[in-house]
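If you're matching them up, the sequences are chains A and B in order. To convert, note that position 125 of the first sequence is 124 in numbering that gives the first Met the number 0; the numbers rise steadily by one, no gaps. To convert, note that position 87 of the second sequence is 86 in numbering that gives the first Met the number 0; the numbers rise steadily by one, no gaps.
To be clear, the hints were calculated from the coordinates, so they are not data collected in a lab. There could be a bad hint or two in this list.
Stated by the list, open to error - Result set (EDC-like, lysine to aspartate or glutamate): computed pairs, CA atoms no more than 16 Å apart in a straight line:
#, chain 1, residue 1, chain 2, residue 2
1, A, LYS56, A, GLU42
2, A, LYS56, A, GLU167
3, A, LYS56, A, GLU140
4, A, LYS56, A, GLU159
5, A, LYS32, B, GLU62
6, A, LYS32, B, ASP87
What the hints assert, rightly or not - Rough simulated footprint, nothing fancy, chain B against chain A, three-plus residues with beta-carbon under 8 Å:
#, stretch
7, 89-98
8, 116-124
9, 143-153
Predicted model, so just to flag it, every value in this text is computed and none were measured. Every residue gets a Cβ at the ideal spot worked out from N, C-alpha and C, and that includes glycine.
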Amino acid sequence: MTAVPRPHDHPDAALRAEALESLLLERGLIDPKVVDGLISRYENDVGPMNGARVIAKAWTDADYRSRLLDDGTAAIGELGYSGPQGEYIEVVENTGDVHNVVVCTLCSCYPWPVLGLPPSWYKDPAYRSRIVREPRRVLAEMGLELDDDVEIRVWDSSSEVRYLVLPERPEGTADLSEEELAALVTRDAMVGVGRVTPP
Amino acid sequence: MIELPAELAITGPAAPPRANGEMVFDAPWESRLFGVTMALVEDERFAWSDFQQRLITAVGRWEAEHPDGEGYRYYERWAEALESLLDDLGIVAIETTDARARSLAARPAGHDHGGHGGHGSGPTAHDVA
Chain A
0 MTAVPRPHDH PDAALRAEAL ESLLLERGLI DPKVVDGLIS RYENDVGPMN
50 GARVIAKAWT DADYRSRLLD DGTAAIGELG YSGPQGEYIE VVENTGDVHN
100 VVVCTLCSCY PWPVLGLPPS WYKDPAYRSR IVREPRRVLA EMGLELDDDV
150 EIRVWDSSSE VRYLVLPERP EGTADLSEEE LAALVTRDAM VGVGRVTPP
Chain B
0 MIELPAELAI TGPAAPPRAN GEMVFDAPWE SRLFGVTMAL VEDERFAWSD
50 FQQRLITAVG RWEAEHPDGE GYRYYERWAE ALESLLDDLG IVAIETTDAR
100 ARSLAARPAG HDHGGHGGHG SGPTAHDVA
């Protein structure tokens, strides 16, 4: 899906951010190299591929799948993914009858260690309020048409609990390796606004 | 901090999930502000949960004042949360940031703002910090 076009900069906010950073720098409270490294790490290195590997493993390893549904944080930690915004992750499973979708109505809580940083639409007031009120319609607008008999469960994240959707494994993928399966899993599927499609 | 497993494929067959991630920052200052915040958290200047509580408050207040949600900028609320927290902790007063932003705004025309705070720009002549 596409982000709503936005103006590319906001002078006052940009100036204030620059002002704050320069003050912190002068006071020796931040190191620009550390800041650069953190931005790069969160933007480039931590992304939905962590979550995709978790999902692919759950699809191919029944024991792992049970552990994941039982204690998401611990099972995700087994793969080495942990950190801020990942303190308690609950994994919710999609089936033929139940579709799960995740929101944070309060702000933008999101399982960073497995999905990276949230996309713009996840933080948008329209998504955050409408997905609760009219999930079927919002999902359809985002390109996910669900049959009327599929129950939709909306999970509201909080500072205590983050949710990760375990999507249904697509048909015709029995021969794929874990790595190949991981490549199919999209961020949108793990938030619950899309489904995983076969290659 | 997040541990990045060495075997993680950044390119190659396992990379495509990254391609469905869109830009998470709309402007350079947003990513700078994010990085500055995370650096302060990493240095334990404050707890992430304390910042997050401020962010929830800032978002809630904005939404109460703007029921139609028009013009929402997430990282402006983030900035508000960070500024208020740093002010309360006595790290940087909001008035000091105000004054610095004004002096940055007064830079001669043609100065490259670039949205990158801090990179060696140093204090300006009319600094009031």
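Now the hints, each set against the structure:
1. LYS56/A <-> GLU42/A: Violated: LYS56/A and GLU42/A sit about 24 Å apart, past 16 Å.
2. LYS56/A <-> GLU167/A: holds, 13 Å
3. LYS56/A <-> GLU140/A: Given that 16 Å is the threshold and the Cα spacing comes to 30 Å, the pair is violated.
4. LYS56/A <-> GLU159/A: Judged against 16 Å, a Cα distance of about 25 Å means the pair is violated.
5. LYS32/A <-> GLU62/B: violated, 35 Å
6. LYS32/A <-> ASP87/B: Violated - the C-alpha atoms of ASP87/B and LYS32/A are around 26 Å apart, more than 16 Å.
7. 89-98: violated (count 0)
8. 116-124: holds (count 7)
9. 143-153: Violated, because only 0 residues of the stretch 143-153 of chain A bring their Cβ atoms closer than 8 Å to Cβ atoms of chain B.
The structure does not agree with the numbered hints 1, 3, 4, 5, 6, 7 and 9 stated previously, though it agrees with the rest.
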